[in-house]
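Asks: Given only the sequences and the hints, what does the whole structure look like? Please build it.
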Amino acid sequence: MNTNALIFAVALVALIAGVITKSGVLTPMGTLGGVPEKLTDTRLLDVANTPHQISEWQGKIRVINFWATWCPPCRKEIPELIALQQNYSNRGVVVIGIAIDEITAVAKYQSENGINYPLLIANDNGMELAKSWGDSVGAVPFTLVVNQQDEIIFKHAGAVDLQMLESIIQPLIN
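With our numbering applied, the sequence shown covers 1135 to 1308.
To be clear, the hints were calculated from the coordinates, so they are not data collected in a lab. Cβ coordinates follow ideal geometry from the N, Cα and C atoms, glycine included. Treat each hint with caution, since some may be false.
Unchecked claim - Restricting the straight-line Cα-Cα distance to at most 27 Å, the calculated cross-link-like pairs of lysine-lysine (DSS-like) are:
| # | residue 1 | residue 2 |
| --- | --- | --- |
| 1 | K1194 | K1210 |
| 2 | K1194 | K1172 |
| 3 | K1210 | K1242 |
| 4 | K1265 | K1172 |
| 5 | K1265 | K1194 |
| 6 | K1242 | K1172 |
As the list claims (entries may be wrong) - Label-pair distances were calculated between CB atoms; the ranges are:
| # | residue 1 | residue 2 | range |
| --- | --- | --- | --- |
| 7 | P1207 | E1236 | 14 to 22 Å |
| 8 | S1245 | N1308 | 30 to 38 Å |
| 9 | Q1283 | T1238 | 31 to 39 Å |
| 10 | A1182 | Q1297 | 16 to 24 Å |
| 11 | A1182 | S1270 | 30 to 38 Å |
| 12 | K1242 | N1221 | 22 to 30 Å |
| 13 | P1170 | E1246 | 34 to 42 Å |
| 14 | A1239 | I1307 | 32 to 40 Å |
| 15 | E1262 | H1186 | 34 to 42 Å |
| 16 | A1217 | G1193 | 20 to 28 Å |
Replies: And the structure:
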């Protein structure tokens, strides 16, 4: 292989990797060998230091979003998650924010921005939890959709929007 062809091949691979990274990693079905992954339960505190199990919302469609107050894409997607919670909470959907952050920063951000869904605090352990639920990128934001049977049916590294999430949850509601 000549040098120009090698440089072109490397550049092409870099371009493709960049496009994938910029657009986020999208996995419409969180499956391994065709078998849906089950969501494992965990216990986290909310901004009032009250413990919650993720299984507390079992039987609902859960949109679980890992985020941080210092993360610009996370802050950008929060209005979309607020709208989702507002529009679908009476249809068996709950958004759950898991903050990779300090409790004081999260409580302040929640108050200032009118976040209408449960916020749980994972601190530094949140990245490990996200990884255990399929975040292969290791960055925030990272969002999962879990169906009523505790199966992870959608994973997305990067910012989400309302239209994307509605396309995933609508078939579960109907």
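Asks: It remains to establish, for every hint, whether it holds in the given structure.
Replies: Going through the hints against the structure:
Between the alpha carbons of K1194 and K1210 the distance comes to roughly 25 Å, so the proposed pair stays at or under 27 Å and holds. Using a Cα cut-off of 27 Å, the hinted pair K1194 and K1172 holds, with the two alpha carbons roughly 14 Å apart. As the CA atoms of K1210 and K1242 are separated by approximately 17 Å, the hinted pair is consistent with the 27 Å bound. Annotation: proposed proximity of K1265 to K1172 holds, straight-line Cα distance about 14 Å (limit 27 Å).
Pair hint K1265 plus K1194 holds up; C-alpha atoms about 22 Å apart against a cutoff of 27 Å. Of the pairs offered as hints, the one joining K1242 and K1172 is violated, with about 33 Å between alpha carbons and a cut-off of 27 Å exceeded. Checked against the hint of 14 to 22 Å, the pair P1207 and E1236 passes, with Cβ atoms roughly 19 Å apart. At about 35 Å, the CB distance of S1245 to N1308 agrees with the hint of 30 to 38 Å.
As the Cβ distance of Q1283 to T1238 is approximately 36 Å, the hint placing it in 31 to 39 Å holds. At about 32 Å, the beta-carbon gap between A1182 and Q1297 misses the expected band of 16 to 24 Å. In this structure, A1182 and S1270 meet the distance hint of 30 to 38 Å, their C-beta atoms being roughly 33 Å apart. K1242 and N1221 have their C-beta atoms about 26 Å apart, which keeps the hinted 22 to 30 Å range intact.
Hint check: P1170 to E1246, Cβ distance near 37 Å, so the stated range 34 to 42 Å holds. Under the hint 32 to 40 Å, the C-beta atoms of A1239 and I1307, about 33 Å apart, fit the expected range. E1262 and H1186 have their C-beta atoms about 18 Å apart, which leaves the hinted 34 to 42 Å range violated. Under the hint 20 to 28 Å, the C-beta atoms of A1217 and G1193, about 23 Å apart, fit the expected range.
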